[in-house]
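Number of protein chains: 2
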Amino acid sequence: MIVSIAIALPRSPLRVAPVRAAVAPLVVNIGVVGPGKVGSAFLTQLRLAAPRLLRECNLQLSLRAVSDSRHMWLDCDDDALNGRLHGAQIWRPAELDEFAAYVAGREGEVAVLADCTASDIVANHYAGWLAAGIHVVTPNKRAASGPLDRWHKIARASDASGARLHYEGTVGAGLPVVQTLRDLIDTGDELLAVEGMLSGTLAWLFNRFDGSVPFSALVREAHAMGYTEPDPRDDLSGMDVARKLVILAREAGVALSLDDVNVRSLIPAELAEGSRDDFMANLGAMDAPMAALLADARAAGGVLRHVARLDGRHASVGVQVMGTDHAFAHSRLTDNVVRFATRRYCDNALVVQGPGAGPEVTAAAVFTDLLRVAGAMGVKRCAC
Amino acid sequence: MIVSIAIALPRSPLRVAPVRAAVAPLVVNIGVVGPGKVGSAFLTQLRLAAPRLLRECNLQLSLRAVSDSRHMWLDCDDDALNGRLHGAQIWRPAELDEFAAYVAGREGEVAVLADCTASDIVANHYAGWLAAGIHVVTPNKRAASGPLDRWHKIARASDASGARLHYEGTVGAGLPVVQTLRDLIDTGDELLAVEGMLSGTLAWLFNRFDGSVPFSALVREAHAMGYTEPDPRDDLSGMDVARKLVILAREAGVALSLDDVNVRSLIPAELAEGSRDDFMANLGAMDAPMAALLADARAAGGVLRHVARLDGRHASVGVQVMGTDHAFAHSRLTDNVVRFATRRYCDNALVVQGPGAGPEVTAAAVFTDLLRVAGAMGVKRCAC
Chain A
1 MIVSIAIALP RSPLRVAPVR AAVAPLVVNI GVVGPGKVGS AFLTQLRLAA
51 PRLLRECNLQ LSLRAVSDSR HMWLDCDDDA LNGRLHGAQI WRPAELDEFA
101 AYVAGREGEV AVLADCTASD IVANHYAGWL AAGIHVVTPN KRAASGPLDR
151 WHKIARASDA SGARLHYEGT VGAGLPVVQT LRDLIDTGDE LLAVEGMLSG
201 TLAWLFNRFD GSVPFSALVR EAHAMGYTEP DPRDDLSGMD VARKLVILAR
251 EAGVALSLDD VNVRSLIPAE LAEGSRDDFM ANLGAMDAPM AALLADARAA
301 GGVLRHVARL DGRHASVGVQ VMGTDHAFAH SRLTDNVVRF ATRRYCDNAL
351 VVQGPGAGPE VTAAAVFTDL LRVAGAMGVK RCAC
Chain B
1 MIVSIAIALP RSPLRVAPVR AAVAPLVVNI GVVGPGKVGS AFLTQLRLAA
51 PRLLRECNLQ LSLRAVSDSR HMWLDCDDDA LNGRLHGAQI WRPAELDEFA
101 AYVAGREGEV AVLADCTASD IVANHYAGWL AAGIHVVTPN KRAASGPLDR
151 WHKIARASDA SGARLHYEGT VGAGLPVVQT LRDLIDTGDE LLAVEGMLSG
201 TLAWLFNRFD GSVPFSALVR EAHAMGYTEP DPRDDLSGMD VARKLVILAR
251 EAGVALSLDD VNVRSLIPAE LAEGSRDDFM ANLGAMDAPM AALLADARAA
301 GGVLRHVARL DGRHASVGVQ VMGTDHAFAH SRLTDNVVRF ATRRYCDNAL
351 VVQGPGAGPE VTAAAVFTDL LRVAGAMGVK RCAC
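Going down the list, the protein sequences come from chains A and B.
Going left to right, the first sequence walks through residues 1 to 384 as UniProt numbering numbers them.
Going left to right, the second sequence walks through residues 1 to 384 as UniProt numbering numbers them.
There's no promise every hint is true.
A pair holds if it fits inside one copy or across any two, identical chains being indistinguishable in the list.
Here are the computed lysine to any residue pairs in the SDA-like style, where the Cα-Cα straight-line distance is at most 25 Å [claimed, not checked]:
| id | residue 1 | residue 2 |
| --- | --- | --- |
| 1 | K380 | L148 |
| 2 | K380 | G162 |
| 3 | K141 | R305 |
| 4 | K380 | N124 |
| 5 | K141 | D120 |
| 6 | K380 | A255 |
| 7 | K37 | A222 |
| 8 | K153 | A24 |
| 9 | K153 | D277 |
| 10 | K141 | G375 |
| 11 | K141 | R313 |
| 12 | K153 | L54 |
| 13 | K380 | R182 |
| 14 | K37 | G378 |
| 15 | K37 | E107 |
| 16 | K141 | S119 |
| 17 | K380 | P147 |
| 18 | K141 | Y227 |
| 19 | K380 | E107 |
| 20 | K153 | A132 |
| 21 | K380 | L26 |
| 22 | K380 | S161 |
| 23 | K380 | R106 |
| 24 | K141 | V351 |
| 25 | K153 | K380 |
| 26 | K141 | A118 |
| 27 | K153 | M239 |
| 28 | K153 | C57 |
| 29 | K141 | A131 |
These are computed hints drawn from the structure, not numbers from a lab.
With the hints as extra help, turn the sequences into a complete structure.
Here is the structure:
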């Protein structure tokens with residue numbers, strides 16, 4: 001039986017022949033949930049980097065299984081994954097815990113699940129997986145920004161088993177944001193404030209919005225280029241940015257929930273409900289209020305930027321007027337910017353900036369998280 | 001016998017009573033070489049962060065010994081280190097290998113030496129320490145930018161024993177630079193170019209140099225404020241920046257030596273030799289050439305910045321004219337900036353920016369490195 005699958009899977013087996021090594025390599029068995037854009041990019045990166053990691057770090061990456069919301073493909077790395085699944089492969093309706101058990105089934109080896117979905121349902125499984133000793137790496141914001149009781153349950157499961165949850169890709173994609181904050185806190189620094197441009201889409205819109213064309217035209221253009229979510233309201237609402245701010249707050253020890261964030265949506269109240277098509281047809285309703293905001297910014301000698309801010313326990317997300325001497329005024333394209341003001345970095349902040357969205361850089365964050373798990377299992381990761 | 005010491009040592013023992021934990025904490029025995037400004041800041045940070053790390057990460061940090069170039073203080077954490085050493089303490093001429101053996105002498109525990117010197121002599125010991133299973137963390141640039149044969153010997157020792165050398169503080173102090181590059185490379189990205197402002201001193205000088213006062217006056221001011229090395233030529237030569245560029249190159253797999261870097265010194269040839277006092281007395285000789293550079297920059301509509309650049313194997317360090325739309329034109333105070341252009345970050349670079357010098361942030365890099373060693377031994381470091 002040949003089953004065609006539409007996702008981009010690695011063209012050759014990930015597992016490569018072990019080199020002769022004095023010590024047996026650490027074997028990390030990998031399961032990927034959600035082989036969409038990010039998941040596919042992650043699979044490609046794994047395949048390309050695996051030979052070097054085996055040779056230089058004695059780390060053997062073994063792709064065991066891939067699951068989407070309806071199917072799973074097992075034994076991916078044994079002579080398959082050529083974009084088609086062969087008859088010897090098993091596929092069946094996806095049962096995530098069964099999938100996880102399959103990935104984890106090898107004694108003396110490490111199991112890592114990469115959740116490349118944006119699904120709350122998958123996040124519901126983390127605590128169980130971690131309790132079973134299965135590590136989880138993910139750019140999925142649902143767990144780290146979701147209900148606090150679930151988050152605490154996840155933490156307890158991780159504490160009890162020692163299995164790790166890493167989620168660098170949730171904020172700024174591949175930019176070093178979450179780990180940087182972690183290092184500051186763990187070495188005893190104190191977070192005074194975080195200020196960020198955390199949406200590449202909104203950064204692009206406000207970098208471009210100079211009054212020469214209506215705001216709605218820019219939203220249409222961004223939508224056509226694939227810069228926005230399928231429904232641009234998912235960007236314009238600011239909720240995605242708010243999730244990222246909650247994640248940073250929790251990393252710094254501030255137990256915020258999404259409800260605690262003061263989010264000023266860009267969506268006119270009359271367009272908040274209704275279908276996507278209705279929204280796109282009535283985009284023009286945004287133009288007058290946005291033009292007024294721009295006029296105010298100019299009168300104040302500044303520019304408009306979409307900013308997330310955490311100051312103590314006070315968290316807010318929305319459009320702000322920034323002076324032209326502010327670093328955010330000089331951002332470009334879809335750059336994300338995160339400024340950490342801490343006790344040590346108080347005169348000038350610690351700033352991380354760069355493209356904060358896209359399948360490849362998001363997948364790289366997942367991969368970095370996976371390498372942190374391997375590092376915690378003793379795999380050497382330094383150049384010397 | 002009471003022996004006064006002038007260095008700032010922790011006011012109370014670092015070791016704190018272990019909390020009840022299901023699993024015994026990981027004990028990391030620490031030896032600090034070079035209790036100067038960075039070393040003292042590191043000792044203070046260790047003392048302040050230790051209780052939380054024990055409570056939350058089950059990591060027990062134990063300061064075992066401190067050594068300067070002439071003395072060593074052993075058993076620092078047992079009821080001493082109140083700024084004075086008591087009679088029960090041992091002190092004697094420092095023998096570094098004996099010192100290391102003392103730190104490493106506890107079965108089943110981890111030993112980490114923090115080299116907070118800038119000494120080549122200390123770097124000569126790394127290979128032996130690593131071979132003996134002692135980890136090394138350091139902001140000392142000598143090993144990672146020094147002779148390649150010593151560097152390779154260090155790498156072989158680390159490979160053989162599994163002990164790690166980490167050196168985040170060598171570039172940008174506490175900014176996440178070395179680890180960020182490591183993560184890019186390990187996940188299969190390819191470095192196209194690095195462009196950096198890697199000297200806080202030179203950044204400050206060129207941020208301030210607008211022609212209103214001669215360049216020599218700014219050097220004198222920076223010297224008086226302690227922004228420069230005791231002999232400002234150590235900054236103005238560009239060699240310290242060149243060392244940082246060599247470190248980044250090697251991290252990306254390019255086996256550069258210091259001799260391979262095209263360094264354009266700011267020191268007029270006639271002032272390169274001679275005493276520091278002679279140099280300071282004749283600083284004015286820099287003014288005409290620097291004023292000419294500034295005039296050229298203005299004619300081109302740009303500003304002067306001291307820039308390090310790696311492009312393939314081509315490495316250069318010196319003053320450049322930057323357009324006012326370049327990110328470096330907007331740097332402030334003593335900020336360092338590092339821009340990584342990679343295959344994934346090609347349209348817009350990945351940028352890390354912030355204060356890149358100072359005892360506290362440099363010590364924090366050493367501490368972060370120490371926590372990476374602990375992480376590799378299984379200590380959990382995530383917020384969840």
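Right, here's what the structure says about each hint:
1. K380 to L148: between (34 Å within a copy, 20 Å between copies)
2. K380 to G162: both (19 Å within a copy, 7 Å between copies)
3. K141 to R305: within (23 Å within a copy, 40 Å between copies)
4. K380 to N124: Cα proximity of K380 and N124: across copies only (22 Å, versus 32 Å in one copy).
5. K141 to D120: For K141 and D120, only the intra-copy Cα distance (9 Å) is at most 25 Å; the inter-copy one is 46 Å.
6. K380 to A255: between (34 Å within a copy, 19 Å between copies)
7. K37 to A222: within (18 Å within a copy, 51 Å between copies)
8. K153 to A24: between (35 Å within a copy, 23 Å between copies)
9. K153 to D277: neither (40 Å within a copy, 65 Å between copies)
10. K141 to G375: both (23 Å within a copy, 24 Å between copies)
11. K141 to R313: Result: close within a single copy only, 20 Å intra versus 39 Å inter.
12. K153 to L54: Only across copies: K153 and L54 sit 21 Å apart there, 35 Å inside one copy, limit 25 Å.
13. K380 to R182: Both: 21 Å inside a copy, 12 Å across copies.
14. K37 to G378: neither (31 Å within a copy, 32 Å between copies)
15. K37 to E107: neither (32 Å within a copy, 49 Å between copies)
16. K141 to S119: Result: close within a single copy only, 9 Å intra versus 45 Å inter.
17. K380 to P147: Result: close only across copies, 23 Å inter versus 36 Å intra.
18. K141 to Y227: within (19 Å within a copy, 42 Å between copies)
19. K380 to E107: both (22 Å within a copy, 22 Å between copies)
20. K153 to A132: within (14 Å within a copy, 41 Å between copies)
21. K380 to L26: both (11 Å within a copy, 19 Å between copies)
22. K380 to S161: both (23 Å within a copy, 11 Å between copies)
23. K380 to R106: both (22 Å within a copy, 23 Å between copies)
24. K141 to V351: Answer is both; intra-copy 22 Å and inter-copy 23 Å each pass.
25. K153 to K380: between (31 Å within a copy, 16 Å between copies)
26. K141 to A118: within (7 Å within a copy, 43 Å between copies)
27. K153 to M239: Close inside one copy (24 Å), not across copies (52 Å); limit 25 Å.
28. K153 to C57: between (34 Å within a copy, 17 Å between copies)
29. K141 to A131: within (20 Å within a copy, 42 Å between copies)
Violated hints, listed in ascending order, are 9, 14 and 15; each of the other numbered hints is respected by the structure.
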